[in-house]
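Trainee: Sequence:
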Amino acid sequence: MINQLIKWQELSPQQKNSALARPAIADSALLSTQVSNILSQVKNQGDKAILALTEQFDGIALSTLSVSSAQVAQAKLALTDKRLKAIHTAYKQIKSFHSAQTASDITVETMPGVKCTLKTEAIESVGLYIPAGSAPLPSTVLMLGVPAQLTGCQRTVLVCPPDKNGQLADEILVAADLCGITEIYTVGGAQAIAALAYGTETIPAVNKVFGPGNRYVTEAKTQLSQQVAGFAIDMPAGPSEVLVIADGQANPAFIAADLLSQAEHGVDSQVILLSDSESLITKVSTELTQQLTLLSRCKIAEQALKQSRLILTKDLAQAVEVSNEYGPEHLIIQTEDAPTLLSKLRNAGSIFVGAYTPESAGDYASGTNHVLPTYGYSKVISSLSLADFSRRFTVQEITKAGLQSLAECIIELTDAEGLDAHQRAVTIRLEEGS
Numbered sequence: 012m013i014n015q016l017i018k019w020q021e022l023s024p025q026q027k028n029s030a031l032a033r034p035a036i037a038d039s040a041l042l043s044t045q046v047s048n049i050l051s052q053v054k055n056q057g058d059k060a061i062l063a064l065t066e067q068f069d070g071i072a073l074s075t076l077s078v079s080s081a082q083v084a085q086a087k088l089a090l091t092d093k094r095l096k097a098i099h100t101a102y103k104q105i106k107s108f109h110s111a112q113t114a115s116d117i118t119v120e121t122m123p124g125v126k127c128t129l130k131t132e133a134i135e136s137v138g139l140y141i142p143a144g145s146a147p148l149p150s151t152v153l154m155l156g157v158p159a160q161l162t163g164c165q166r167t168v169l170v171c172p173p174d175k176n177g178q179l180a181d182e183i184l185v186a187a188d189l190c191g192i193t194e195i196y197t198v199g200g201a202q203a204i205a206a207l208a209y210g211t212e213t214i215p216a217v218n219k220v221f222g223p224g225n226r227y228v229t230e231a232k233t234q235l236s237q238q239v240a241g242f243a244i245d246m247p248a249g250p251s252e253v254l255v256i257a258d259g260q261a262n263p264a265f266i267a268a269d270l271l272s273q274a275e276h277g278v279d280s281q282v283i284l285l286s287d288s289e290s291l292i293t294k295v296s297t298e299l300t301q302q303l304t305l306l307s308r309c310k311i312a313e314q315a316l317k318q319s320r321l322i323l324t325k326d327l328a329q330a331v332e333v334s335n336e337y338g339p340e341h342l343i344i345q346t347e348d349a350p351t352l353l354s355k356l357r358n359a360g361s362i363f364v365g366a367y368t369p370e371s372a373g374d375y376a377s378g379t380n381h382v383l384p385t386y387g388y389s390k391v392i393s394s395l396s397l398a399d400f401s402r403r404f405t406v407q408e409i410t411k412a413g414l415q416s417l418a419e420c421i422i423e424l425t426d427a428e429g430l431d432a433h434q435r436a437v438t439i440r441l442e443e444g445s
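Here the numbering used here = 1-based position in the sequence shown + 11.
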């Protein structure tokens, strides 16, 4: 079960670091070599390697990698009205929030005759990686597909590991269709990321890849972003995590349910409770034990709880300090004065405020994006948004009078830096016709 109560005030600096340590990512050297070999195979053999690796890892010999429009149409007919309605509702919610993020060009005349513009354009081609574990993840399709659709990427490619029959889940295909994605391939793992980066006979390369995955997928994204010119990834990824800040008036059953909702993701997930109430922590611990037995993935959640923490702080201000130091992927606030705490919290991928705001809402249908920085990266990386599917660049236009106004500044600074050619590019223009 979950580790015993930790009293933050009694810990040494070293013990505090240990208490907030993430689960280690094991076998990094071996993993790097294994993934490197897969990438090399795909780079050199293209589709042939993809098909062989799919048979090796997914246990299915495919005759084609592409999903047809007929398969998508059949998927729509296969789902119940209730399931279709849920997917459509989530799509509308996510689209509603993300539509407000559309960027506009900014133009500033910094001095007479000097006009500077910041422009935003969609990335031309993007790849969306959708994991396929024990259940389909249409929510991830929507979280990635809606921003790509709204941004206006010219080409959006979806890749997902096939099941034992060589098929993708109907929910995946329906969600992709809603997002206007017509290029869908049955390939997963590191080999899928390699195909998106290098390109194969069937799968043309993309500029940037998005989406969560296992450690092989994560390692492939990291290696390829460093090896392939012009290829980028969304963000570093690690195990899922949630941190809850709660006071003595919070509902322990709600808190336990929130902690378990992340613990069930995987054995390396981490959940943390920070509270200034020892009584609440005791009640939450009891609730965890009781609710754990009700879960279909109780074995996974039980393993995750072994590396999780119940921490007693002297007050909520200290809880805020600990949370900011940890920088969780998901941060839940269940306190009476949540707005005051919210104003002091800096580092989190996404924040859930109030007793009736479960993390699950953000995962599926509140409208925010569930692709978030983990492993402490929330200190420097933002949650996924339209900005990630765009690139920004500047444009400047200067009249002769404008250049004359700037000339003294530029000449002086180029002289200080000893860059004669830079200086000459200014003076030659001013000398012309003078």
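Since the hints were derived computationally from the structure, they do not count as laboratory data. Check each hint, because a few of them may be wrong.
[As the list claims (entries may be wrong)] Mimicking SDA-like on lysine to any residue, the simulated pairs with C-alpha atoms at most 20 Å apart in a straight line are:
id, residue 1, residue 2
1, K411, T121
2, K96, A84
3, K325, S79
4, K411, A436
[To be verified] Restraint ranges, calculated between C-beta atoms of paired labels, are given here:
id, residue 1, residue 2, range
5, T91, I71, 22 to 28 Å
6, E408, E347, 51 to 57 Å
7, A40, T410, 54 to 60 Å
8, T91, T233, 37 to 43 Å
9, Q314, A30, 16 to 22 Å
10, E347, T304, 42 to 48 Å
11, P369, A436, 57 to 63 Å
12, G191, I71, 56 to 62 Å
13, Q82, N48, 29 to 35 Å
14, C127, K175, 41 to 47 Å
Where is the CB? At the ideal position from N, CA and C, for every residue including glycine.
Trainee: Regarding P369 and A436, is the given constraint of 57 to 63 Å on their beta-carbon distance met?
Mentor: Since the Cβ atoms of P369 and A436 sit about 59 Å apart, the hinted range of 57 to 63 Å holds.
Trainee: With 16 to 22 Å as the target window, see if Q314 and A30 comply at their CB atoms.
Mentor: Cβ of Q314 to Cβ of A30: about 19 Å, so the range 16 to 22 Å holds.
Trainee: Just to be careful, I want the Cα atoms of K96 and A84 compared with a cutoff of 20 Å; is the pair within it?
Mentor: Holds, at about 16 Å.
Trainee: Is K325 close enough to S79, meaning Cα to Cα at most 20 Å?
Mentor: violated, 59 Å
Trainee: Could you say whether the range 42 to 48 Å given as a hint is met by the Cβ separation of E347 and T304?
Mentor: violated, 31 Å
Trainee: Holds or violated: the 51 to 57 Å window for the beta-carbon distance between E408 and E347?
Mentor: Distance hint for E408, E347 holds at roughly 55 Å.
Trainee: I want to verify a distance hint. Is the separation of the beta carbons of C127 and K175 within 41 to 47 Å?
Mentor: The hint (41 to 47 Å, Cβ to Cβ) is violated, given that C127 and K175 are roughly 57 Å apart.
Trainee: Within 22 to 28 Å: is that where the Cβ-Cβ distance between T91 and I71 falls?
Mentor: holds, 26 Å
Trainee: Does the alpha-carbon distance linking K411 and A436 stay inside the 20 Å limit?
Mentor: It holds: about 13 Å lies between the C-alpha atoms, which stays within 20 Å.
Trainee: Look at the Cβ atoms of G191 and I71 and judge whether their distance stays inside 56 to 62 Å.
Mentor: violated, 28 Å
Trainee: Does T121 sit within 20 Å of K411, going by the straight-line distance between their CA atoms?
Mentor: Holds, at roughly 15 Å.
Trainee: If I claimed the Cβ atoms of Q82 and N48 lie 29 to 35 Å apart, would that claim hold in this structure?
Mentor: This hint holds: roughly 32 Å between Cβ atoms.
The earlier numbered hints that this structure contradicts are 3, 10, 12 and 14.
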